[in-house]
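Take the given structure of chain A and dock chain B to it, following the hints.
Below, each chain spelled out in residue letters.
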Amino acid sequence: MTERSELDAQSYVLLRLEDRQFALPAKRIAELVPLSRVFRFPHCSPEVEGVLIRRGRILAVCDISPRLAARPLKNRRLYLLAVRDFAARPESVAVPVTGECELISAEMTPATGGQPPHVRGWISHDGNVIEVLDLDNLIPGPTAAPNAVQAGVPQEALP
Amino acid sequence: MKLKPQTTATRRARRSEQMILFRIAHQLFAISANAVQEVRSADGMTGRIAEVPRAELRKVRHVVQRGERTVYVIDGGIQFGIPAAQSALVFVLRDLRAALLVDAIDRMASFTALHALPEAFCHEERGWYRGLVILDSNVIPVVDPRGLLSRGDLDLLDANEHAPAANRREVRASA
Numbered sequence: 031m032t033e034r035s036e037l038d039a040q041s042y043v044l045l046r047l048e049d050r051q052f053a054l055p056a057k058r059i060a061e062l063v064p065l066s067r068v069f070r071f072p073h074c075s076p077e078v079e080g081v082l083i084r085r086g087r088i089l090a091v092c093d094i095s096p097r098l099a100a101r102p103l104k105n106r107r108l109y110l111l112a113v114r115d116f117a118a119r120p121e122s123v124a125v126p127v128t129g130e131c132e133l134i135s136a137e138m139t140p141a142t143g144g145q146p147p148h149v150r151g152w153i154s155h156d157g158n159v160i161e162v163l164d165l166d167n168l169i170p171g172p173t174a175a176p177n178a179v180q181a182g183v184p185q186e187a188l189p
Numbered sequence: 545m546k547l548k549p550q551t552t553a554t555r556r557a558r559r560s561e562q563m564i565l566f567r568i569a570h571q572l573f574a575i576s577a578n579a580v581q582e583v584r585s586a587d588g589m590t591g592r593i594a595e596v597p598r599a600e601l602r603k604v605r606h607v608v609q610r611g612e613r614t615v616y617v618i619d620g621g622i623q624f625g626i627p628a629a630q631s632a633l634v635f636v637l638r639d640l641r642a643a644l645l646v647d648a649i650d651r652m653a654s655f656t657a658l659h660a661l662p663e664a665f666c667h668e669e670r671g672w673y674r675g676l677v678i679l680d681s682n683v684i685p686v687v688d689p690r691g692l693l694s695r696g697d698l699d700l701l702d703a704n705e706h707a708p709a710a711n712r713r714e715v716r717a718s719a
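Chains A and B are the protein sequences, given in the same order.
Per my numbering, the very first residue in the first sequence carries number 31; after that it's consecutive.
Per my numbering, the very first residue in the second sequence carries number 545; after that it's consecutive.
Hints were generated in silico from the structure; no laboratory data involved.
Glycine included, each C-beta is placed from N, C-alpha and C at the ideal position.
Treat each hint with caution, since some may be false.
Chain A regions said to be covered by chain B (calculated; three or more residues, Cβ under 8 Å) [as the list claims (entries may be wrong)]:
| id | stretch |
| --- | --- |
| 1 | 68 to 76 |
| 2 | 79 to 90 |
| 3 | 165 to 171 |
For reference, chain A alone in the conformation it holds in the complex (with noise of 0.2 Å):
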């Protein structure tokens, strides 16, 4: 298969981020889930809001929309959980979205040089040109993981 048939009509989620709208191939969303208790603990990493709890297992919630509309998205009514590739293991996050989400097929043109390292490429869909989003480059992760907990075993048994 070229590389250029593996690019074609791939599926892609469609969200709206304030008055943007955005796309995230589909196969890098896990599930569109109803808004859930938000925990908080301190910590010094801005992008994350905190955790929520989904079927036992704990995940970040990362509001994508500071970054790409500016501001804190106001009309969240779904999650989106989306994986994100981290250095250890793919992990899904939780994005808050508006619920204004669509799943098309379309063509993806890769983008070029010059563009932020979040602009995967762009899609056509209704005459509008919509960015596909790289949640690897948009969602922060660990430089160093000094972590106790080894990555790969997302929940352990205690020793």
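Relative to the frame of chain A, chain B by itself:
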């Protein structure tokens, strides 16, 4: 009746760790009970206590000389950036030269699972916490005692300790 042999995974899952749940202002934290050697009231610390000049390391306010051992007392409110902490208790930490000032003990609890801190937390806090535990549908961060004072912090504090006594102000000495 034949019993199903217990697998390693099952045995692992049934092990538990006792933790002390404590508060600093409104925030609940957990720390392994094994990591705490003593719990004292903030006024009841024994040993020669001296103030540490603020410029050295803001979170360390006092140093306690307990026999041969120098223990640096860390203000939990400053450590975790929580204002209005009313520190009343000191956790003297086992095998470390650190003690942690906290507001109050909430309770003891036993946990069988420690959840990894999600990778999106990617700054200093990765050193602060061993992970997260879930209790009564609440998520509580588990403090990593080793993350409270780095090697560099200790070097800085030790250098001050060995500086001329004029740099330190003794608060009190008690038996």
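Here's how the hints hold up against the structure:
no. : hint       : result
1   : 68 to 76   : holds (count 6)
2   : 79 to 90   : holds (count 7)
3   : 165 to 171 : holds (count 3)
Violated hints are absent here; each numbered hint is respected by the structure.
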